[in-house]
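Based on the hints, put chain B in the right spot on chain A.
Protein chains: 2
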Amino acid sequence: MQLQVLLVAGTHGNEINGIWLFEEWEKSFFLINTHGIKTCKVIGNPQAKNAGKRYLHSDLNRSFREESFVSFEASNFEEIRANELVKLYGISGENPCQIALDFHTTTASMGSCLVVYGRRGADLALAALIQHKLGLPIYLHESDKKQTGFLVESWPCGLVVEIGPVGQGLLNSKIISQTKLILENLLEQIQQVKHLNLSFPEKLIIHRHIKSIDFPRDEAGHIDGYVHSLRQSKDWQPLKKNDELFYKLNGETIKFEEDENYIPVFINEAAYMEKNIAMSLTKRELWDFQQAWEQSLIDLIN
Amino acid sequence: MQLQVLLVAGTHGNEINGIWLFEEWEKSFFLINTHGIKTCKVIGNPQAKNAGKRYLHSDLNRSFREESFVSFEASNFEEIRANELVKLYGISGENPCQIALDFHTTTASMGSCLVVYGRRGADLALAALIQHKLGLPIYLHESDKKQTGFLVESWPCGLVVEIGPVGQGLLNSKIISQTKLILENLLEQIQQVKHLNLSFPEKLIIHRHIKSIDFPRDEAGHIDGYVHSLRQSKDWQPLKKNDELFYKLNGETIKFEEDENYIPVFINEAAYMEKNIAMSLTKRELWDFQQAWEQSLIDLIN
Numbered sequence: 038m039q040l041q042v043l044l045v046a047g048t049h050g051n052e053i054n055g056i057w058l059f060e061e062w063e064k065s066f067f068l069i070n071t072h073g074i075k076t077c078k079v080i081g082n083p084q085a086k087n088a089g090k091r092y093l094h095s096d097l098n099r100s101f102r103e104e105s106f107v108s109f110e111a112s113n114f115e116e117i118r119a120n121e122l123v124k125l126y127g128i129s130g131e132n133p134c135q136i137a138l139d140f141h142t143t144t145a146s147m148g149s150c151l152v153v154y155g156r157r158g159a160d161l162a163l164a165a166l167i168q169h170k171l172g173l174p175i176y177l178h179e180s181d182k183k184q185t186g187f188l189v190e191s192w193p194c195g196l197v198v199e200i201g202p203v204g205q206g207l208l209n210s211k212i213i214s215q216t217k218l219i220l221e222n223l224l225e226q227i228q229q230v231k232h233l234n235l236s237f238p239e240k241l242i243i244h245r246h247i248k249s250i251d252f253p254r255d256e257a258g259h260i261d262g263y264v265h266s267l268r269q270s271k272d273w274q275p276l277k278k279n280d281e282l283f284y285k286l287n288g289e290t291i292k293f294e295e296d297e298n299y300i301p302v303f304i305n306e307a308a309y310m311e312k313n314i315a316m317s318l319t320k321r322e323l324w325d326f327q328q329a330w331e332q333s334l335i336d337l338i339n
Numbered sequence: 038m039q040l041q042v043l044l045v046a047g048t049h050g051n052e053i054n055g056i057w058l059f060e061e062w063e064k065s066f067f068l069i070n071t072h073g074i075k076t077c078k079v080i081g082n083p084q085a086k087n088a089g090k091r092y093l094h095s096d097l098n099r100s101f102r103e104e105s106f107v108s109f110e111a112s113n114f115e116e117i118r119a120n121e122l123v124k125l126y127g128i129s130g131e132n133p134c135q136i137a138l139d140f141h142t143t144t145a146s147m148g149s150c151l152v153v154y155g156r157r158g159a160d161l162a163l164a165a166l167i168q169h170k171l172g173l174p175i176y177l178h179e180s181d182k183k184q185t186g187f188l189v190e191s192w193p194c195g196l197v198v199e200i201g202p203v204g205q206g207l208l209n210s211k212i213i214s215q216t217k218l219i220l221e222n223l224l225e226q227i228q229q230v231k232h233l234n235l236s237f238p239e240k241l242i243i244h245r246h247i248k249s250i251d252f253p254r255d256e257a258g259h260i261d262g263y264v265h266s267l268r269q270s271k272d273w274q275p276l277k278k279n280d281e282l283f284y285k286l287n288g289e290t291i292k293f294e295e296d297e298n299y300i301p302v303f304i305n306e307a308a309y310m311e312k313n314i315a316m317s318l319t320k321r322e323l324w325d326f327q328q329a330w331e332q333s334l335i336d337l338i339n
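Protein chains in written order, with my numbering: chain A, 38 to 339; chain B, 38 to 339.
Since the hints were derived computationally from the structure, they do not count as laboratory data. Honestly, I wouldn't trust all of these hints.
No farther apart than 20 Å at their CA atoms in a straight line, the calculated lysine to aspartate or glutamate pairs in the DMTMM-like style are these [what the hints assert, rightly or not]:
1) B:K75 x B:E60
2) B:K64 x A:D255
3) B:K211 x B:E221
4) B:K285 x A:E221
5) B:K64 x A:E289
6) A:K248 x A:E297
7) B:K86 x A:E322
8) B:K90 x A:E297
9) A:K231 x A:E221
10) A:K285 x B:E63
11) B:K211 x A:E289
12) A:K278 x A:E297
13) A:K271 x A:D255
14) A:K64 x B:E256
15) A:K231 x A:D96
16) A:K277 x A:D325
17) B:K217 x A:E289
18) B:K277 x B:D251
19) B:K86 x A:D96
20) A:K211 x B:E63
21) A:K217 x B:E289
22) A:K86 x B:D96
23) A:K240 x A:E131
24) B:K64 x A:E256
Fair warning: this is a prediction, and the values are worked out from it, not measured in the lab.
In isolation and in its complexed conformation, chain A is listed as follows (with noise of 0.2 Å):
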């Protein structure tokens, strides 16, 4: 089967500068350095993005579920887009990719970073080899029951590439050309894995998710503080005991009463106020790069 990656921008309607890199380039064929890669790409939820959205009736980047490809009876939008693109550009679909790449924006001050879901081997090679070139962070999302069915999980690889700070539906010229380095970047190793010419660093380093936590909330569950200005776009930096993490309009300092020290990720994304997800805390840690992880990727796009 031939080589084809799936790629991805405005899975969220209202991340809009992906949407926008994917439709200059549509009409600019030489816009983006493929380099020789066969790819598909695709704006994950149009109508959201007409709306103006992040989704209209549930997250999409949520909304994908084995289950739901057995017994199909979805009357939610976002569950039928889902299937939709699996029938399209899953492995078994119409025009099969092996490898999805999902390009996202956030609120929060994370920087460039991929985002890995679970320890697939073909994952953490290509996330391994952007490490090496670009030396982006990346952020490991697993152990979460209350956050699954992502995009990428339903292809054999895939990455979410993250890139904030930006508001939602606002154009910013950094976020783009951000957004249009890294997408070349993965084009590019894809092509090194498919002439075999490797260069898989030994080590990489890994912020693997622990938990979330919520906003502080009064009795009725309304959010009664907000981010700490000191704990505010501080992602990628520790948090230990007593710091800072939010603030009351009384005067109330909360702070972090944990024993334990955390790199915190995705402070104040504005999209997860409804997860009740603050912020989330990962551990930084270094890891031996494994031959198994390499081989994946290699007998994926070979």
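Chain B in isolation, oriented as in the chain A frame:
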């Protein structure tokens, strides 16, 4: 008639910092120092807030039109809401307010500033007091036939407070503190005028609206360039001939070509894309404070 000040947050449903401050205030009566001024606080567009959007049918802050109060046959949600707010809190309304203060946020790097619409004496007097006290810039919006129907124009005196940058739908500690600070200072200054304890400045600095400029667009009208990185976040900083304005992905930089110098404001405000406004251009002017403005404000308040 007793002095009463209308305080509005959430005229745009996705500008949530003011809404959140008002909701917290509702729970804790003493949160805001009102300096003894009687206030009515209201969420401008609660339905849009619940939908997480700026508006449902059309921009509420462009829906206040005198004619619609004469023959009222609106089916547009925001036109109905505009009528309702005037009926409830207008100077001839059920619960009459003389002054309206409308709290907004912007994705542009405007810092904190005041917007006045046209050259009403009482508006300019109140804005001058705040500029004198806090140093805030004043943006005078006038002579713009495409942008009309602002909320505060339906009250005898009214100012918009704009604070940014902050993404839509995002709580931010700095924005909340700035909103609280300016709200309290406005009420304090109104109280000073009420007690005829007057300290008007001799001069005020006005940024007078000249025109707005659109994004570059392709033949189909689609935006095909974004704000140049050297222009992004440079609100209030002079724009002169040959300065970088926009950038296209084909590498083309669009420069500012007029001989005239301007001060740009609302650079890359996300909500203005649909209004074909990439930024607005103003002239910075030093105006003499007019005795008549002071008298207007005193007459209204006392």
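Hint by hint, here is what the structure shows:
Of the pairs offered as hints, the one joining K75 of chain B and E60 of chain B holds, with about 17 Å between alpha carbons and a cut-off of 20 Å not exceeded. Taking the CA atoms of K64 of chain B and D255 of chain A, the gap is about 10 Å. The hint holds against a cut of 20 Å. Only pairs whose Cα atoms come within 20 Å are accepted, and K211 of chain B paired with E221 of chain B is accepted, the gap being roughly 16 Å. Among the hinted pairs, K285 of chain B with E221 of chain A is consistent with the structure: their alpha-carbon atoms are about 18 Å apart, no more than 20 Å.
Annotation: proposed proximity of K64 of chain B to E289 of chain A holds, straight-line Cα distance about 15 Å (limit 20 Å). Annotation: proposed proximity of K248 of chain A to E297 of chain A holds, straight-line Cα distance about 13 Å (limit 20 Å). Straight-line distance between C-alpha atoms of K86 of chain B and E322 of chain A comes to about 41 Å, which puts the hinted pair past the 20 Å bound. Taking the CA atoms of K90 of chain B and E297 of chain A, the gap is about 39 Å. The hint is violated against a cut of 20 Å.
For the given pair, K231 of chain A sits about 15 Å from E221 of chain A by alpha-carbon distance, which is consistent with the 20 Å threshold. With a C-alpha separation of about 14 Å, the suggested pair K285 of chain A and E63 of chain B falls inside the 20 Å cut-off, and the hint holds. Between K211 of chain B and E289 of chain A the alpha-carbon distance is near 16 Å, which keeps this suggested pair within the 20 Å criterion. Note on K278 of chain A and E297 of chain A: the hinted pairing holds, with a Cα-Cα distance of about 7 Å set against a maximum of 20 Å.
At roughly 25 Å between alpha-carbon atoms, K271 of chain A and D255 of chain A are farther apart than 20 Å, so this suggested pair is violated. Straight-line distance between C-alpha atoms of K64 of chain A and E256 of chain B comes to about 12 Å, which keeps the hinted pair within the 20 Å bound. At roughly 34 Å between alpha-carbon atoms, K231 of chain A and D96 of chain A are farther apart than 20 Å, so this suggested pair is violated. For the given pair, K277 of chain A sits about 26 Å from D325 of chain A by alpha-carbon distance, which is inconsistent with the 20 Å threshold.
For the proposed pair K217 of chain B and E289 of chain A, the alpha carbon gap of about 16 Å is at most 20 Å, so the pair holds. Between K277 of chain B and D251 of chain B the CA atoms are separated by roughly 17 Å; this keeps the pair inside 20 Å, and the hint holds. Restraint check for K86 of chain B and D96 of chain A: satisfied, since their Cα atoms lie roughly 19 Å apart, inside the 20 Å limit. The suggested pairing of K211 of chain A with E63 of chain B is violated, with an alpha-carbon distance near 40 Å, which exceeds 20 Å.
With a C-alpha separation of about 16 Å, the suggested pairing of K217 of chain A with E289 of chain B holds against the 20 Å cut-off. With a CA separation close to 19 Å, the supplied pair K86 of chain A and D96 of chain B stays within the 20 Å bound. Using a Cα cut-off of 20 Å, the hinted pair K240 of chain A and E131 of chain A is violated, with the two alpha carbons roughly 37 Å apart. Distance check on the hinted pair: K64 of chain B and E256 of chain A sit about 12 Å apart at the alpha-carbon level, within 20 Å; holds.
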